[in-house]
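Engineer: What follows is the residue order along each chain.
Number of protein chains: 2
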Amino acid sequence: MIEKAVILSTGDELTTGRIADTNASFIADKLGAAGFDVVAVLVVGDYPDRIGWAWHEAMRLGEVVISTGGLGPTADDLTTETVAHVAGRRLFIDQGIAIRIREFFEAMGRVMPENNLKQAQFPEGAVIIPNALGTAPGFRLDLATAHGTRHLIVLPGVPREMKPMLEDHVLPWLQQTRGGDDVYRSHVFQTFGISESALDELVAGCVGPDEGRIAFRAAFPQISVRLTVHGPAAQVPQRLETLAARLRARVGAYAYGEGETTMEAVVGELLTQRGLTLALAESCTGGLVGNRITNVPGSSAYLKGGIVAYSNEVKQQSLDVRSETLAAHGAVSEEAAVEMATGVRRVLGADIGLAVTGIAGPEGGTPDKPVGTVCFALATASAVRHRRYQLWGSRDWVKLLSSQIALDWVRRFLLGMDPADPAILRR
Amino acid sequence: MIEKAVILSTGDELTTGRIADTNASFIADKLGAAGFDVVAVLVVGDYPDRIGWAWHEAMRLGEVVISTGGLGPTADDLTTETVAHVAGRRLFIDQGIAIRIREFFEAMGRVMPENNLKQAQFPEGAVIIPNALGTAPGFRLDLATAHGTRHLIVLPGVPREMKPMLEDHVLPWLQQTRGGDDVYRSHVFQTFGISESALDELVAGCVGPDEGRIAFRAAFPQISVRLTVHGPAAQVPQRLETLAARLRARVGAYAYGEGETTMEAVVGELLTQRGLTLALAESCTGGLVGNRITNVPGSSAYLKGGIVAYSNEVKQQSLDVRSETLAAHGAVSEEAAVEMATGVRRVLGADIGLAVTGIAGPEGGTPDKPVGTVCFALATASAVRHRRYQLWGSRDWVKLLSSQIALDWVRRFLLGMDPADPAILRR
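Protein chains in written order, with numbering that gives the first Met the number 0: chain A, 0 to 426; chain B, 0 to 426.
Heads up, some of the hints might be wrong.
Residues on chain A that point at chain B, a partial pick, calculated with CB under 10 Å [as the list claims (entries may be wrong)]: (1) Gly10; (2) Gly16; (3) Val40; (4) Leu60; (5) Glu62; (6) Ile128; (7) Ala143; (8) Gly147; (9) Thr148; (10) Leu269; (11) Gln272; (12) Gly274; (13) Leu275; (14) Ile306; (15) Gly392; (16) Asp395.
Calculated directly from the structure, the hints in this document are not laboratory data.
As the structure is a prediction and not an experimental result, all values here were calculated from the model.
Quick reminder that beta carbons are idealized off the backbone N, C-alpha and C, glycines included.
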């Protein structure tokens with residue numbers, strides 16, 4: 000039975016600190032949810048002896064090894080060769096993949112650089128794992144070793160290519176192959192507006208240690224709560240449903256979605272269901288709210304557009320914010336936010352107008368309005384809600400948190416709640 | 000001489016994917032900048048056998064091992080015991096530290112839980128590394144092993160405690176103790192508009208294997224090229240400069256910046272230098288260009304604002320795009336882009352108007368204008384440039400690539416190049 004997994008990340012960018020290893024935490028999270036025990040994560044740079052060491056140790060420690068990185072077309076991409084060496088297998092060129100790589104380049108009107116052919120090389124016996132989004136496929140190699148059977152899974156390091164390969168090919172295969180009678184199933188709640196420790200207190204005692212396991216994962220600005228249940232396949236779905244219902248009742252409106260969803264997708268679904276349109280007036284977020292909304296396919300059906308009013312002139316000319324309001328209260332004020340929201344709603348002809356204006360920092364703060372002061376307003380034909388928040392953190396953090404609050408306002412409004420309720424942002 | 004380092008991160012939160020290991024990338028970056036070679040990063044959960052394995056391997060691979068995590072007061076904090084075991088040293092309680100921990104709690108008006116005394120335990124021979132911000136000090140243990148002298152450095156896992164301990168105590172000690180004359184220095188070029196493999200071909204042979212090392216890192220949509228040189232401290236700066244000049248000549252205008260910079264920061268610097276302002280008309284990017292520009296502190300000095308014209312009505316009403324243009328050529332056309340760029344420039348009163356309109360997908364493509372068709376226009380008082388591109392990939396990818404092209408257009412225009420030059424996007 001496959002139980003123990005090792006994650007192996009390859010790339011100089013990781014050992015020189017140029018990027019954090021987010022692939023490893025993504026894979027660890029998915030493996031944990033599927034009931035696998037991640038024994039270790041090994042990270043090495045692009046050197047054959049180091050990659051070789053890592054594979055040797057990984058194959059000693061885990062029944063399955065999932066590797067990312069080192070599949071590119073350049074001379075310092077060494078994973079495939081090293082795996083072949085460690086496994087004692089020769090390399091072959093898969094002609095089908097070679098043709099596909101050539102076609103990939105031709106479709107873009109380009110000639111394939113010859114070194115890209117390297118990405119069509121695999122150790123003998125490898126099962127190819129297709130990559131829908133890039134030229135480097137992955138592969139799996141099942142190997143009999145002195146430690147027992149080992150499953151070597153090799154994926155590219157580009158997260159957007161790796162993630163669907165893991166979820167669509169590797170995890171289903173692992174779950175089917177692992178053996179044993181117990182199954183693991185999990186259910187995820189996406190939350191916003193409550194800190195991890197407050198959430199921990201909120202759900203304390205809700206699920207007994209013998210019933211299931213609750214794990215939190217903070218990926219700013221959202222915290223997900225994962226409930227995992229394991230046991231006989233016939234019982235697990237019902238048990239998961241019962242426990243999820245208990246958790247759902249506890250977490251309440253802090254949960255904006257369930258499963259792998261995003262705040263912007265939830266807002267999009269609600270706007271579509273209600274047949275309403277939205278217009279945005281963004282100051283400190285600079286277009287981030289619009290960007291997130293338009294990340295959802297089909298968002299043109301409900302987003303009329305937005306005005307990024309970064310200067311006071313634009314606030315006045317394009318949004319009809321009155322100069323008296325700006326003079327009396329400043330551009331970062333609930334008063335200005337209200338005029339921005341009503342203005343953009345009218346100018347762009349939408350059902351809902353949403354405005355964000357604030358001080359993202361690091362400069363621009365005052366004693367009255369320190370960095371992190373952000374005002375929100377939501378306007379409809381019949382009502383306006385507004386509120387000022389004191390947020391915290393760096394410039395990107397303030398922007399991202401502001402965009403999340405703005406989207407959560409629309410969600411709560413559409414669900415019949417008061418978005419300006421002061422209890423919402425609970426730390 | 001101390002050259003090779005291993006980073007060891009301990010904690011179930013890392014192997015279960017609850018958080019990404021940002022400590023390791025922070026330490027790796029600092030060690031790399033100081034010329035140490037990070038051989039590997041090892042991450043294990045809170046199990047004595049796994050922590051023991053990690054320390055054994057780390058001491059084999061590196062002359063210095065820097066560990067974070069596992070220094071808390073609870074039963075699953077096992078680092079100190081494991082290090083003592085691996086090193087064959089007994090534990091002792093440091094009375095001075097024990098008193099300090101008690102005082103730390105008293106200062107907060109609390110009684111110290113007895114298990115916190117665990118944080119005053121150290122292996123015999125340890126040199127204590129003070130922690131100004133928490134109760135858990137770190138320590139260093141110098142050890143003679145079969146592999147040679149090993150320096151074991153143990154720090155807490157809380158980033159805000161660990162970071163000053165590393166920078167104020169560990170790095171100065173390492174630099175003073177390391178011995179040898181060799182230093183490592185690197186120089187980074189940030190590029191755009193050329194694929195990793197084409198870039199690899201472009202720079203091939205430019206730096207000999209004995210002169211320095213070139214490493215690429217693709218973090219879509221930019222690819223960075225890092226040149227690293229090592230040797231005697233007296234020679235390295237000059238050698239680095241010579242090689243960097245050679246690389247610079249090869250990479251040419253594909254390099255938009257040097258060092259740790261971003262396209263939006265470079266565009267901001269150029270706009271500031273020239274005293275020019277910018278206005279954005281975004282369709283398919285939905286606010287992403289504005290979001291990126293406003294990620295740069297001080298961008299309010301040159302960004303007037305933007306109009307996210309997601310619907311045709313907004314394009315007509317807010318940007319004065321003519322209905323005839325939309326009827327004859329469609330919203331995704333160079334003609335519409337030109338009217339959007341000239342319109343937003345005039346409406347928001349900026350020196351430069353920049354427009355992006357395209358089909359991000361997955362829906363909305365036609366045989367004439369498939370998904371990935373994106374048109375750009377840049378307008379000034381005296382000229383307009385425009386071009387249509389056929390981009391590729393998923394919705395976010397098309398959006399991100401479009402935003403990068405849009406920003407690169409402004410950069411190239413400000414540098415006196417033709418942004419609509421068809422040779423720019425070289426894959």
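Engineer: I'd like to know which numbered hints this structure contradicts. Please list them from smallest to largest.
Structural biologist: 5, 6, 7, 8, 9, 10, 11, 12, 13, 15
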